[in-house]
Amino acid sequence: MRLKLVLVFIAIIIVLGGCQMPNKNPSTQTEGEQEELKPADMDDEDLPDVRAFKDEFTRGFLQSTEETRPGYYPFSSATGAYKMDFPAEGKIGEKSYNIKNKSYEGVSIGVGNEQSDITHTIKVKYYNHLSDELKESRLGQMESNIGMDLEFEEKTSENQTLYLAPYQHAEEEYNKDIYGFAALILNEKKLGGIQIIYTSHCANNCGELKEMDMKQAQEWLKSVSFLEGLKDSDGNAR
Amino acid sequence: MQDEQIFITKELRMRLIQLEYKNLPEEQLIQEIERIYLEETGELLPAEVNVYTSSESSKLKEDSSGYDGTALLFSSEDNNIDEVYIISQGSQGIVDWSYNIESMLAGKNYSQAEATHDFTVDALEEFGITFNENEMDQVEIPVVGLHSLAHNNNITSYLLYDTFSKVYSVNGAQTNYYQLFDADGKFEKRLKDEFPVLEYDLDAIYSLPPADIEAIAKDFYADKAKNIYQDISIHDPLYAISGVRGFFTLGNVTPHKTSDNHQGLRRVADKIPDDAVVALQKLAIDYTVAKENGSMEDIIKDLTGVDMAVVEQFDGLWGSAKTYFGSDFTEMVPGVNEKLPGLIENVQLITGNAEVIFDELMGATYITKNQRDELVEVFTEIEKELLLIQESFASIEFNRSTKGISAIGSDLSNAGKLYSAIQRLTDLFGQLNKEEYQDILDMIVAGHSIGEMINAIGEGEKSYLNGDLLMAPSNGGGGKDIWVNISAALRMYTEGKVVLEERTEEITRLVTTIGEEVTQFFKHEKKRLLDKINDIEQNPSAYSGMVQEYATSTVKGVERITVYDVITSKLNADHDSEIRLLNMSVTDGYTFIEKYRKAIEDMFDEEAKIAERFNLAEVVFGD
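Taken in sequence, the protein lines are chains A and B. The opening residue of the first sequence carries number 1 in this note's numbering; numbering runs sequentially from there. The opening residue of the second sequence carries number 1 in this note's numbering; numbering runs sequentially from there.
Just chain A, same shape as in the assembly (with noise of 0.2 angstroms):
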């Protein structure tokens, strides 16, 4: 047995000599040089003890332990059709979380915790055959979702058209108050869009906060762009 074994292990390195190896895991190799372990390898004392990274559904779709900015790490969508900043306090809705092949991913994020004065709850929803003509559809349907009207500004840069509406719910509706903004963001390349409705509660001290937070919750819709011409994980250009 042994000496057949050999002799098949001999016959293998003549057959194959020269092939490599098939890599474990060929979706951790980045187009870098550097190959750099992705958040979800990680070992957990190597990640920022920040809730994104204690959440393992959350971790997974995190590229980096460095910040984009304070407060932000970068997320990359499972579609590999946008990227984003993602609050270190957010945690991504796991069961509510959807992906169709890569037409379609629906992800939501809630933001803070119990002690927070404000807390957030962020919906992205990515849609790979959304196009202008679907744009007032989908912007009444962002209003029916918030439940009033809203004033969409346009906004077109080289690669995608921002449509922005603030929103802020009346006192006596809700026990907190509650504000925030509804985006649709349609790629000029090719098509698809996203969908965001950003929504803030705030609790306490709602005059003094409101204002920064508004300007923050802006600032990082900024962050939100396609990743039009780069490759997705399998390889193939996009």
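Quick caveat, the hints were computed from the structure, so don't treat them as lab data. Note that this is a predicted model, so its numbers are computed, not measured. Among the hints, a few may not be true.
Where chain B lies over chain A, by a calculated footprint (3+ residues, C-beta under 8 angstroms) [stated by the list, open to error]: (1) 59–72; (2) 93–107; (3) 110–121; (4) 143–155; (5) 171–178; (6) 191–201.
Backbone N, C-alpha and C fix where the C-beta goes; we use that ideal spot for every residue, glycine too.
Once you have looked at the hints, place chain B on chain A.
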């Protein structure tokens, strides 16, 4: 806004839904709608029909949700009618199945509901109806959503975006409050008011008391529920699973018993833990979808990710070694890692609850004692083999990537294990594939059909067979078991008349032909003959050769030829009697059809408006 006037009865709505599944070309669809309306009401459809389908919709051109639907506009200025019906199709293709299972049971992904709204908006624009997209509840005319399984889409679309003024469904997949929490921002905020933890932890909803959430949901949607109408068969497997956590029933619901054989699966499902019901349903659907793809090998590959063709190469030492290092195996790895753990989890949910599941199915007389025992055993074995496959697969993968070539010895035995486990799994699936189990599955699925439901709704006066309307005679014929196929009777009457008219036309053509062709030809030939005779009589010498043929001695000259001709003025063939016979057959045909019509009419009271149906059918379809 006035109420709709056209498709107001349940029978009409259900037949319309059934019709949509046939994917008829536009012209035929309209004709069938007219026919159904006439059959059911005894009146002419009082409006023009316009059709718009989702495949024509430019907004849905790139849509990948799998939504499929038809919009119908009924309009008539004279009758003051203007109403739109949106028929969303239920599960048809594989895309739909997977969508439905996801949205219904997991309570997420409502992209088909969004597509429903997009399509309705598009259709209303196409039909030239003015409306404000943000105030769909203010649309001037009734927009009615009709559907069976697509209830979940239409209702979600309605609750979220006010897409319809009324929603009507048969055996619909119910709506799910987990899905609505994700989809409807207003409902989400209402829940957050009650449970602030949801603001920053969305998954927390699954640990909140379901009864509380359901109560809030019912209260929150109470106004809209008034415009939702549902007929539900207690034999529908979808009804059986709507006891699963997350589902709630909205609207005016009428339950129906559509079969006498069983009491339905709801009671069975209610006794089985929710996650096992979900697992069972998911497995049944994944299996059905995989089966559509083809052979047992395809099923195994679809469910487990394991490619039989690759595993079969682990046959013999040399083959195994080659396979071990080959790229085929590497390519299989991601698929197996993706599918196998979920499958095992689902199978374990079933085996973990096997006693309850199969005892309950036996108690409800869906399966026999022997089948119960076999199913428990088969599922236990399937679990065992799947775990074995997972184990050998994992160790091969681990050794290949870490130890490389040195581990091949132990791995070849793993490969052998994998090979034989797959073989046994194939046999076990084969056992589930037996005809007796397929029959049970078919029977369960039939509980979802509109066919069973529409029969139950007729309440003894109407019944349906393959889309035909049957009516029970008013003056009985002595028993309630006599049914008259009204659709077939109308078809025979209108189509029979068309045939007889065609025959009359043919006879007229024949008479004309006889007149034109035969008589004219006779005249023509007679004239030719007489001309020839004249010529012979006037130029006798020119015909001396001809006379010579009949003379015994040499003819020296011909002075005169007299032709004695007898030409009958009439044709030998007299066609009049044949024509009379043909005409009589037509008259007999008419007599027969009318007698048949009369016989059918006599079976019903005047209120049944059978005579009107015949009259109108003749006007509409008699050409």
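Quick check: which numbered hints come out false for this structure? 1
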